[in-house]
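Protein sequences appear in the order of chains G and D.
The opening position of the first sequence corresponds to residue 1 in the working numbering, with each subsequent residue numbered one higher.
The opening position of the second sequence corresponds to residue 57 in the working numbering, with each subsequent residue numbered one higher.
Bear in mind the hints are in silico, worked out from the structure with no lab data behind them.
Note that the coordinates shown come from a computational prediction; the quantities given were computed from them, not determined experimentally.
Treat the hints with care, since some could be wrong.
[Unchecked claim] Short, incomplete list of chain D residues facing chain G, as computed with Cβ under 8 Å:
{"#": "1", "residue": "G140"}
{"#": "2", "residue": "W232"}
{"#": "3", "residue": "V352"}
{"#": "4", "residue": "H363"}
{"#": "5", "residue": "F365"}
No residue lacks a Cβ here, since even glycine has one placed at the ideal position from N, Cα and C.
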Amino acid sequence: MNNKQLSFGLLSGLIVMIIGLVLALDNIIPWTLSLTGAAIFVLNIAVWVLHRQTME
Amino acid sequence: MSLDIVVAFFILGLVATLLGAKIDFPKGLYQTCVLFLLLAIGLKGGYALHQHAGENILVQSIAVILFGFLLPFVAYPLLRWFGGWSKTDAAATAAHYGSVSVGTYAVAVAILDVQNIAYEAYFPLFVALLEAPAIAIGIMLARQKGQCLNIKVLAHEIFFNQGVFLLLGGLVIGAWAGDRVQSVQPFFGTLFHGVLALFLLAMGQKAAEKLHDLKTQSAFLISFGIFMPLIGALAGALLGSMLELSLGGVVLMAVLGASASYIAVPAALSVSLPQANLSLALTASLAVTFPFNVIVGIPLYLSLAQHWFGG
């Protein structure tokens with residue numbers, strides 16, 4: 001996993017999470033979108049940490 | 057918002073395979089389900105065309121084709137720049153995301169039918185029209201200088217592949233037959249949801265099997281496979297709104313924008329771009345985007361369309 005892939009994953013996760021959060025707080029959509037965004041964010045961090053440990 | 061019953065069959069197939077439960081789904085039955093769904097969707101759209109044929113459809117069709125040309129240009133730079141993928145792999149995957157998934161469309165139609173939400177019944181025409189443009193753009197983006205292309209073989213793969221041909225065939229038969237379509241309606245109409253449930257059970261199994269292929273690209277493929285459909289859905293919903301489609305029409309256009317092909321495009325690109333790593337595109341499309349759209353995406357696009365375009 002390179003830095004650009006990590007930045008894409010973190011950015012897309014953050015964008016999806018924030019948009020989902022705003023829309024869910026307005027009761028327009030359920031919480032699934034913001035949870036999906038959070039999952040993308042966490043997954044990218046987890047994979048990046050694992051990748052770094054493997055490199056070391 | 058409750059889970060639609062056909063989607064539950066997809067989850068059943070997914071969970072069964074992940075838990076190692078053996079469901080022996082005959083290959084012939086899966087193929088039968090695909091043929092049935094393509095013909096059923098085509099016939100329904102053709103019958104609607106017979107009743108509503110008009111100038112408006114021509115304008116909408118042109119806009120839909122342009123939409124199909126546009127989507128790969130959104131996916132390609134993301135894959136090239138962020139993913140660091142080769143020109144060929146990025147172009148092949150962009151083509152998958154510019155094209156459409158008939159399975160995702162069928163699920164969206166089933167959900168709209170259950171909720172009694174009206175939509176333009178000639179939508180299968182747009183599904184057929186959206187299959188081809190992305191393939192052409194994908195090949196154009198992947199083409200190296202001086203590389204020659206067998207247009208005849210490519211055109212054959214684009215227009216005579218099973219998906220496009222049966223969908224268009226159903227459309228033509230439905231438009232030509234008009235009210236005579238009612239004679240086959242007990243088969244193609246009444247059984248639609250049941251066959252879709254079987255198809256989704258098989259798709260759940262296929263998606264779970266593809267999850268094993270994520271491996272080293274897992275985080276990026278998952279991020280892209282979820283983010284890209286959201287961009288496509290937004291663009292599709294805006295297009296649907298601009299074309300003044302009904303609420304159901306806006307949702308279906310969002311679903312078409314969000315979906316990624318896993319049948320027609322791989323078949324066409326395996327001929328025209330044999331050097332491309334199609335497993336990357338197939339894994340993203342089948343193991344990430346299809347489940348996302350079916351479980352989370354479609355209900356989401358429906359909720360948003362109801363809020364913004366529902367009047």
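request  = Would you settle whether the hint for H363(D) is holds or violated, based on the nearest Cβ-Cβ distance to chain G being less than 8 Å?
outcome  = OK, holds: H363(D) within 8 Å of chain G, min 5 Å.
message = Does the closest beta carbon of chain G sit nearer than 8 Å to the beta carbon of F365(D)?
response = violated, 12 Å
query = Holds or violated: G140(D) as interface residue toward chain G, Cβ cutoff 8 Å?
reply = Since the shortest Cβ distance to chain G is 6 Å, the answer is holds.
message = Would the hint on V352(D) be counted as holding, given a Cβ-Cβ threshold of 8 Å to chain G?
response = Nearest chain G Cβ about 5 Å off; hint holds.
query = Going by Cβ atoms only, is W232(D) closer than 8 Å to chain G?
reply = Constraint on W232(D) not satisfied, violated at 42 Å.
The structure fails to meet hints 2 and 5 from the earlier list, while all remaining hints are met.
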